[in-house]
Amino acid sequence: MGEFLQRLLQNYPYVFAAILFGIGTFTVLTHSNLLKKVIGINIMEGSTYLFFVAAGNIRGGVAPIQDMSDPNLVYVNPLPQALMLTGIVVSVSVTALSLALIMRLYKLYGTVDSREINRIRNEVRASGSSSKG
Amino acid sequence: MSKKVAIVLLVGLSIVMLLAIAELPIYGCANTPVQNYVAERYISGALSDTGALNMVASIVIDYRAYDTLIETTVLFTSIIAVFLVLKKGKD
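As they're listed, the protein sequences go chains R and P. Using the numbering used here, you'd call the opening residue of the first sequence number 26 and step up by one each time. Using the numbering used here, you'd call the opening residue of the second sequence number 30 and step up by one each time.
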């Protein structure tokens with residue numbers, strides 16, 4: 026158990042990433058406000074960026090920009106940083122599309138609460154079937 | 030979903046994640062599997078291969094240019110979808 030906690034302390038950036046991921050998941054699962062769900066998804070994405078960039082880090086390394094004056098510099102891994110640039114673009118695309126869909130829902134129902142939207146839909150369905158019958 | 034179910038799910042998820050984090054290589058070490066020959070190749074060859082001082086830029090623009098090309102397609106598709114969703118129509 027002590028060894029387990031020591032490993033967690035040594036890997037503290039990964040633990041922070043896990044905590045952030047948990048916060049994002051909790052937000053997505055418990056909030057019925059759609060905007061807050063989008064915020065939760067963005068927090069989860071941020072935790073994956075933290076995890077990847079931390080995995081490429083070297084203690085004492087410098088940012089991967091070539092420095093001619095000092096050939097003995099240790100550079101951190103540039104590959105996770107480049108991959109996370111791609112990830113940021115994907116997350117922006119997902120956020121833009123979901124915000125557009127939420128705008129459309131707000132225009133239709135006058136609310137951004139998913140429970141309210143479900144209630145209104147059920148009411149409309151019930152009144153529609155009763156008027157037909 | 031109710032808060033209790035979400036908390037139970039999250040406790041299970043965090044136990045799995047913490048067990049995995051304890052097995053990961055120690056943070057900040059230079060001889061982990063992440064720092065393999067691929068990163069070495071990028072760090073040593075970026076200047077002579079691409080002429081860029083910034084290695085991240087050389088990876089994004091040159092080594093993995095197709096990745097960036099398709100990524101712009103993703104962005105373009107999402108912009109088209111946003112305009113379709115927000116289009117002022119009959120309904």
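Among the clues, some could well be false.
Straight line, CA to CA, 30 Å or less: simulated BS3-like cross-link-like pairs of lysine-lysine [stated by the list, open to error]:
1) Lys61(R) with Lys116(P)
2) Lys61(R) with Lys33(P)
3) Lys33(P) with Lys62(R)
4) Lys117(P) with Lys62(R)
5) Lys132(R) with Lys117(P)
6) Lys117(P) with Lys61(R)
7) Lys61(R) with Lys132(R)
8) Lys32(P) with Lys62(R)
9) Lys132(R) with Lys116(P)
10) Lys116(P) with Lys62(R)
11) Lys32(P) with Lys132(R)
12) Lys132(R) with Lys62(R)
13) Lys61(R) with Lys32(P)
The hints are simulated quantities; they were obtained by calculation from the structure and are not laboratory data.
Consistency of the hints with the structure:
Between the alpha carbons of Lys61(R) and Lys116(P) the distance comes to roughly 24 Å, so the proposed pair stays at or under 30 Å and holds. Using a Cα cut-off of 30 Å, the hinted pair Lys61(R) and Lys33(P) holds, with the two alpha carbons roughly 19 Å apart. Distance check on the hinted pair: Lys33(P) and Lys62(R) sit about 18 Å apart at the alpha-carbon level, within 30 Å; holds. With a CA separation close to 26 Å, the supplied pair Lys117(P) and Lys62(R) stays within the 30 Å bound.
With a C-alpha separation of about 11 Å, the suggested pairing of Lys132(R) with Lys117(P) holds against the 30 Å cut-off. About 26 Å separates the Cα atoms of Lys117(P) and Lys61(R), which keeps this hinted pair within 30 Å; it holds. Restraint check for Lys61(R) and Lys132(R): satisfied, since their Cα atoms lie roughly 18 Å apart, inside the 30 Å limit. With a C-alpha separation of about 15 Å, the suggested pairing of Lys32(P) with Lys62(R) holds against the 30 Å cut-off.
At most 30 Å may separate the alpha-carbon atoms for a hinted pair to count; Lys132(R) and Lys116(P) meet this at roughly 12 Å. For the suggested pair Lys116(P) and Lys62(R), the alpha carbons sit about 24 Å apart, so the restraint of at most 30 Å is met. Note on Lys32(P) and Lys132(R): the hinted pairing holds, with a Cα-Cα distance of about 29 Å set against a maximum of 30 Å. For the proposed pair Lys132(R) and Lys62(R), the alpha carbon gap of about 18 Å is at most 30 Å, so the pair holds.
This hinted pair checks out: Lys61(R) and Lys32(P) have alpha carbons roughly 15 Å apart, not beyond 30 Å.
Violation of the numbered hints given earlier is absent; every hint is satisfied by the structure.
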